[in-house]
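Undergrad: Please model the entire structure based on the sequences and the hints provided.
Number of protein chains: 2
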Amino acid sequence: MNIINPRSGTSFILKKGQKLKITDIEGEQVADLMCYNLNDKKEYLSSGRTIDYAETIFLTKGHPFYSNRSNVMFNIVEDTVGRHDFLLTPCSSDTFRIIYGHKNPHQGCFGNLCNAFKEYGITPDDIPTTFNVFMHVTVNGETGRVDVLPPTSKAEDYIMIEAEMDLIVGLTACSAEMSNNYSFKPIGYEIIE
Amino acid sequence: MNIINPRSGTSFILKKGQKLKITDIEGEQVADLMCYNLNDKKEYLSSGRTIDYAETIFLTKGHPFYSNRSNVMFNIVEDTVGRHDFLLTPCSSDTFRIIYGHKNPHQGCFGNLCNAFKEYGITPDDIPTTFNVFMHVTVNGETGRVDVLPPTSKAEDYIMIEAEMDLIVGLTACSAEMSNNYSFKPIGYEIIE
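Protein sequence lines correspond, in order, to chains V and G. Position 171, counted from 1, in the first sequence is what full-length UniProt numbering calls 171; the numbers after and before it change by one each time, with no gaps. Position 85, counted from 1, in the second sequence is what full-length UniProt numbering calls 85; the numbers after and before it change by one each time, with no gaps.
There may be inaccurate statements among the hints.
No copy is singled out in the list; a pair is fine if it fits within one copy or between any two copies.
[Stated by the list, open to error] Quick list of in silico lysine-lysine cross-link-like pairs, DSS-like style, CA-CA up to 27 Å:
#1 Lys61 x Lys185
#2 Lys41 x Lys118
#3 Lys61 x Lys21
#4 Lys61 x Lys118
Don't read these hints as lab results, they were simulated from the structure.
TA: Set out below in structure tokens:
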């Protein structure tokens, strides 16, 4: 298993048919995931299209994840948690400044993804809303209020996705206090043929 | 007042400090809105950042709308409805194919926005999740289920936004049956100095 250190990120290629297993090694840790079509990087994972076609904000095993062009990029094929977020953008220095009031903010998952995608020519402006694996976001249907709670994932919980096209994938071990119950931990991942 | 005909769209410049009034002329009609920084079109309206900082999915008077770079693009300054959507992508030929099962699908708000933005060099891949004015989307906080209901807006209801930077704005009179209670109607708009 590959390890993403706390508050860092990485990127890699996931070929069509390959599976990616993402493991919450210690529990209560979030991993932001973003992906692009390897053969045309203007095609990217779309929260709006995915939620629209799934008719739910709780995406889990069996749900296809769509690109901005309405093509399926991957499916979730296993999921021991069943609670993830696809509403919010990756934490960033702006998040820490605006929400947490930090004076010298960390670059967050957004900065970590920017660095990880640099080698593929993907720029910061190309990073939209990410799929935030294990992130526990509640929505109050009456008031609209959005809350970020500690993940429901325990040690060794995991999600497995299967690529439906060749993908460039970015993945982080999240840097935001609220998302991880105020403790920064690693994330594990494996590519399975 | 300018009129957007049923199932069509338009684009225009909204300068910093100008207000845009969007009117549901007949009631129960949706208008998808997208905008870009006039001086740098890589900066675009971001659902993820806006919802994250507002901590609600029900955006109304007083809420700032953020770009992907966490700058405020506009504020809602008046709103007689209070119920809009920022979760879903514009309806498109793919929406009509996947959700409605249409054989010869309409190009939808997405196609209308693509045409409207062409003159500014904004391409289809540059159009992410839009702010869907008057669109009535419910989320069940327990199950995650997303439903599209008839808008709560009545004839002459409106929303007014004030630009916080110079913007290229795209606006539609929505083309999706469910969004408008199965009747296609026009949308009105005025730019106020």
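Undergrad: Hint by hint, which ones does the structure fall short of?
TA: Violated hint: only 4; rest satisfied.
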